[in-house]
Amino acid sequence: MAAQLRFWNDMPVLEPDDDLRHVTELLCDCFEEDFCISLCFDAPFLARLMREGYITMAERIGPDRYILLPKLHKERCVLHFQDLHVQRAARKCSSRFHLTIDQCFPEVLRQCVLQHGENW
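Counted the way numbering that gives the first Met the number 0 counts, the sequence shown spans residues 0 to 119.
Calculated from the structure, these hints are not laboratory results.
Possibly wrong hints are sitting among the right ones.
Okay, the calculated beta carbon distance ranges per label pair [as the list claims (entries may be wrong)]:
id, residue 1, residue 2, range
1, ALA42, HIS72, 36 to 46 Å
2, CYS111, VAL12, 35 to 45 Å
3, HIS72, PHE96, 40 to 50 Å
4, ARG109, ARG87, 32 to 42 Å
5, HIS84, PRO15, 23 to 33 Å
Calculated cross-link-like contacts (lysine to aspartate or glutamate; reagent style EDC-like; alpha-carbon spacing at most 20 Å) [said to hold, decoys possible]:
id, residue 1, residue 2
6, LYS70, ASP18
7, LYS73, ASP9
8, LYS73, GLU24
9, LYS70, GLU32
10, LYS70, ASP82
Just so you know, even glycine gets a beta-carbon here, dropped at the ideal spot from N, CA and C.
Taking the hints into account, I'd like the entire structure generated from these sequences.
So this is what it looks like as structure tokens:
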């Protein structure tokens with residue numbers, strides 16, 4: 000736990016009243032790591048974090064206690080569909096799958112938690 004606390008002490012702390020656009024610019028320019036920390040889980044704050052490009056994750060730090068770990072990827076992968084080549088084996092395999100949108104969302108979340116744990 001002591002090592003974990005030292006690790007968290009090196010992370011920038013984000014607060015609900017921060018100017019997230021400005022803070023994010025500073026972090027991109029001056030901070031090499033991806034993670035920040037916060038103790039705020041309010042929905043408007045989480046929405047603002049997501050709007051600025053953060054992925055919101057949490058870590059259990061005790062019984063019924065969590066810390067928010069907003070993650071800001073400075074590099075993102077972009078898939079240019081016009082340049083996409085799908086190999087024949089992948090095309091053959093794809094017939095076993097069915098893609099839907101906005102279907103069974105609660106079940107998808109449940110399966111994600113089953114496979115990856117509560118902080119997936």
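Outcome of the hint check:
In this structure the supplied range 36 to 46 Å is violated for ALA42 paired with HIS72, their Cβ-Cβ distance being about 22 Å. In this structure the supplied range 35 to 45 Å is violated for CYS111 paired with VAL12, their Cβ-Cβ distance being about 28 Å. Range check, HIS72 to PHE96: Cβ separation about 27 Å, and the 40 to 50 Å hint is violated. At about 34 Å, the beta-carbon gap between ARG109 and ARG87 stays in the expected band of 32 to 42 Å.
Checking the proposed 23 to 33 Å range against HIS84 and PRO15 shows it is violated: the Cβ atoms sit about 45 Å from each other. Among the hinted pairs, LYS70 with ASP18 is consistent with the structure: their alpha-carbon atoms are about 17 Å apart, no more than 20 Å. Proximity of LYS73 to ASP9 is assessed by CA-CA distance (about 18 Å); at most 20 Å being required, the pair is judged to hold. Straight-line distance between C-alpha atoms of LYS73 and GLU24 comes to about 10 Å, which keeps the hinted pair within the 20 Å bound.
Between LYS70 and GLU32 the CA atoms are separated by roughly 9 Å; this keeps the pair inside 20 Å, and the hint holds. For the suggested pair LYS70 and ASP82, the alpha carbons sit about 29 Å apart, so the restraint of at most 20 Å is broken.
Checked against the numbered hints given earlier, the structure breaks hints 1, 2, 3, 5 and 10 and satisfies all the rest.
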